Amino acid sequence: MNSRSVIIKGLVILTGLGLAIRLFYIQLIDPDYERAAENNIVQKILEYPYRGLITDRNDSLLVYNTPVFDLLVIPNQVEIPDTSRFLQLLEMTEEEFLEQMKKAKKFSYKLASVLVSQLPNEHLAAIQGELINYEGFFVQPRTVREYTYPSLAHTLGYVGEISLRKLKQDTTGYYRGGDYLGISGIEKAYENNLRGDRGVSYRMVDAQRVAKGKFRNGEFDTLPEPGKDVQLTIDIELQQYAEKLMQGKVGSVVALDPKTGEILAMVSAPDYNPSLLSGKKLSTNYEPLEQDSLKPLFNRALQAMYPPGSMFKTVQSLIALQEGIVNPEQKIYCEGDLIGDLAPPGKYDIKRGITYSSNNFFFILFRRTMLQRKDPNMYSDSRIGLTNWRNYVTQFGLGNKLGVDLPNEVKGFVPTVDYYDRMYGTRRWKFSNIYSLSIGQGELQVSPLQMANLGALLGNRGHYITPHIVRYVGEESSLGFERHEVEIDSAHFEPVLQGMEQVVSIGSGRRAYVTGLQICGKTSTVENPGYDHSGFMAFAPKDDPKIAIAVYVENAGWGGRAAAATAGLIIEKYLKGEVSRKYMETYVLKGKFHD
Amino acid sequence: MTKTREQSSDPITIGLFLLLALIGWVNIYAAEYDPESSVGMFSLSQSSGKQLLWIGVSLLMGLFVYVADYKFFDSFAYVVYGIIMLLLVAVLFFGKEVSGAQSWFQIGSFRLQPSEFAKYATLLAVAKYLSELKQKTLETRQIIFAAVLFLIPMALTILQRDAGTALIYTGLILVLFREGMSPLVLILLAAVVALFLLTLLIPKAVLLVGIAIVALIVLGLVARTVKRIAWVFIVTTLAIGMVISVDFAMNEVFQPHQQKRIMSLINPNADPLGVGWNVTQSKIAIGSGGLKGKGFLEGTQTKFDFVPEQTTDFIFCTVGEEHGWLGTFTVIVLFCILLIRLVNIAERQKAKFARIFGYGVVSILFFHFMINIAMTIGLFPVIGIPLPFFSYGGSSLLSFSLMLFTFLKLDAHRMQMLQR
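Which chain is which? The protein sequence lines are A and B, in order. If you read the first sequence in this note's numbering, its first letter stands for residue 1, the second for the next number, and so on. If you read the second sequence in this note's numbering, its first letter stands for residue 1001, the second for the next number, and so on.
Keep in mind that the hints were calculated from the coordinates and are not lab data. Check the hints yourself; a few may be wrong.
Said to hold, decoys possible - Below, a list of computed lysine to any residue pairs in the SDA-like style, where the Cα atoms sit at most 25 Å apart:
hint : chain 1 : residue 1 : chain 2 : residue 2
1    : A       : Lys103    : A       : Leu46
2    : A       : Lys214    : B       : Leu1167
3    : A       : Lys9      : B       : Glu1347
4    : A       : Lys9      : B       : Leu1167
5    : A       : Lys212    : A       : Tyr48
6    : A       : Lys9      : B       : Asp1247
7    : A       : Lys110    : B       : Val1185
8    : A       : Lys44     : A       : Arg4
9    : A       : Lys546    : A       : Phe593
10   : A       : Lys542    : A       : Ala491
11   : B       : Lys1292   : A       : Glu219
12   : A       : Lys188    : A       : Leu276
13   : A       : Lys44     : B       : Glu1347
14   : A       : Lys110    : B       : Glu1036
15   : A       : Lys212    : B       : Val1026
16   : B       : Lys1292   : A       : Gly218
17   : A       : Lys244    : A       : Glu487
Said to hold, decoys possible - Simulated DEER-style distance windows between Cβ atoms:
hint : chain 1 : residue 1 : chain 2 : residue 2 : range
18   : B       : Ala1155   : A       : Glu95     : 54 to 60 Å
19   : A       : Thr66     : B       : Pro1256   : 55 to 61 Å
20   : B       : Glu1298   : A       : Asn58     : 55 to 61 Å
21   : A       : Arg142    : B       : Glu1298   : 33 to 39 Å
22   : A       : Pro81     : B       : Ala1194   : 53 to 59 Å
23   : B       : Phe1248   : A       : Glu219    : 52 to 58 Å
24   : B       : Val1098   : A       : Thr66     : 52 to 58 Å
Keep in mind that this is a model prediction, so the values were computed, not measured. Every residue, glycine too, gets a C-beta built ideally from N, C-alpha and C.
My request is simple: use the sequences and hints to build the entire structure.
Rendered as structure tokens:
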């Protein structure tokens, strides 16, 4: 055989070997190609679940979903045979259209982005009918929140597009840009339950991104899991009534079921219609609400801090009784010259002191509580006294978050030894510097929720259940909220509650009096830099409390007027089902509480 | 000249031809397969259906060749060559442009690519010319004349802007080598190509230093006569000159799209969505096949159009994707067996014409096989040439079959040819 033919055969074999080796490398060794192939063809499609519904305690539907239709565009597929007709159909100007297209192109040429969100329902059919003539556009359904009542906006909260900041903070990796999530209220607090779980499906696409069926027969696909429905503790009828009474006022109402800690109504005035912040309207309405000087977005029930004022005298009484500084029968003569007072001079015991809200009586009581001669030095004695006192006060749920299942609850403030040390210098302050605390003024700060909770605690004679707003998540009861005891013998409550009963029957809170209901209450005329706030805290009936309530009406003057009247009406409404005292309703609605 | 002297055509070669054509046909079907359409592999609306028709036509043509007079090919070699060259010229004026190349005649719905048949005609002419030379080794003058025979169709094909097909003629160097051309020419040619690619890969300064070092080493080894020293200097100077002038050559000789293709071979990631797209996608398709492949009709990269020209120039991608390395290896082995078989058949020819023609067939098939597969796996710039017997296309399949069957026909008469 010719030697050159052997060389040529060798060349053929070497070439074959070289190609086979190279193929061996790219097919068996280098893993990049397999991944690249999957990236080429697999398109991940997220399927969004329905967000859970929200109902009140009687299963009245409060929040549901309604479908809206967005018009999406895939820029590199766009073909518009008749531009003017197209713009007319969408009711857009050419500038608007070009602007939106620019945004879409900036996002991606190949992927869909929203061109028009929430197409007007009346034109939907017409648009969908004509859309087949225009390539690159399609309509996609989505849901937005819809509200049965124009009520409860602060509690319900709203849903909106995730912010860049939150997206970065999300450690679960669940959210993606453009996702919607609860931003405040229940929507935020119960986001994980309400949202459900997204489903994912993988499909194959060709080089032109045209769908070519399921990837691996849907082996990796998951179905979306719908969000869980949430039942609130709110009684929507009571809520609406409370909202009506608070119309035109600034302030807050919180009503609780003392036995369970369930929040029956929670109002922050002024409020807004929750549908204003739903879907497309959010972007236009948020800014004006945010800018409003009365801060309608601010949930005063949880976030506002006021001094408790005279309502705090109930706490002072119980501490003094527990400390043995005073006994229920003991009368103290008050000159009425220690502190400004509307109550006349005379002999006061606990019951009478509360009934007439004697500032001087509580001044003396607090002085005795603070200065128990545990140390001969008055400065040191004040420190011991304050520490001891504060220990009690915090047990009443003050100075700390109660742990309600809603976002942004404030702690309030109960001053500490350290606080006064910083304010006056260590051992440079004594009782005389802090006597304002005796009547719930000074540095004390509480939220309306904390005062309503105080009402529940008094009604329960010494304990409260963590207040909460959700009864059921899906089928699961959200029971098991913690029971908190106060270190005060239940026997000590009786004189205090008798005083509170008299406040309503013969004292400053007479406007809350309802025949046949044993209402125990306490008014506050809360001193503050502006006009006094009107405050009232109550529970009823005395022997089997079913409702506890706190009302603050800002700058409305005496507690016995705006707040007591409002609270009385709400109690009447809840316990009797209707309000017979129409004159009182008119009085509250009219809203003229100053002389 | 009796009937008994006539041999039957080589059954191994015919078997390999049928096997490759059928594997190709199945892969053409798979490359275009659309699960949502119910069109079968025999439908004439599909490339696979048409290809089957072309396979049938090829076999029919094989039959014609078989019954023809074996002396025809030898006698009419120059005539055929002349006619086809005229057609190559004509297509420049009357041809239809398909994907950038003006190399098609359109007659009704039927399209014909004369450049495919020019290979066949050129083989006949070169074989005819070389077979009539008497001496054993070729003189330079004769090499040049033989080269002119294939440089003419090469030039005409380049004028049709079909550089890929033109490149195939360089394969005929193998024929000249077999017939006695100095191996130095082969080595020199390989060195020039290697040096060209190196200049694109390695910084010039490094390359120049490298050349100098190699030159010094060679000088140390062979510097015994003045003549040798002079040769080393001349070669070194030429190499350095080439390295320096590559940029000029790239810009002046190659068109921008050709430059890009060459550069994308060096670095396909430089422009993955542009020129690098073909190579990148082709490698992804083949690379994702793994050992056993994704299975028949289960490939995604080819049928979803990520790989361009998936039934023609890039048909090998479907083999790689659906049948993995076992598939690609099998195809490579089949081609190697076919080529070695053809060399063996060529070597057993008694007549010089038949032997040279056989080597021509080997060269053409070998270059197509090597360049096509190398192109799909990123070892060679993307030039549009088919994989013989595999790629969809009537002209190329007919042309390759014609070469093969003509050679087998000549082989069948090898005892008679001797007597001439």
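Practice item. Starting from the hint list further up, note which numbers the structure goes against and sort them upward. Key: Of the numbered hints, 2, 6, 7, 8, 9, 13 and 17 do not hold.
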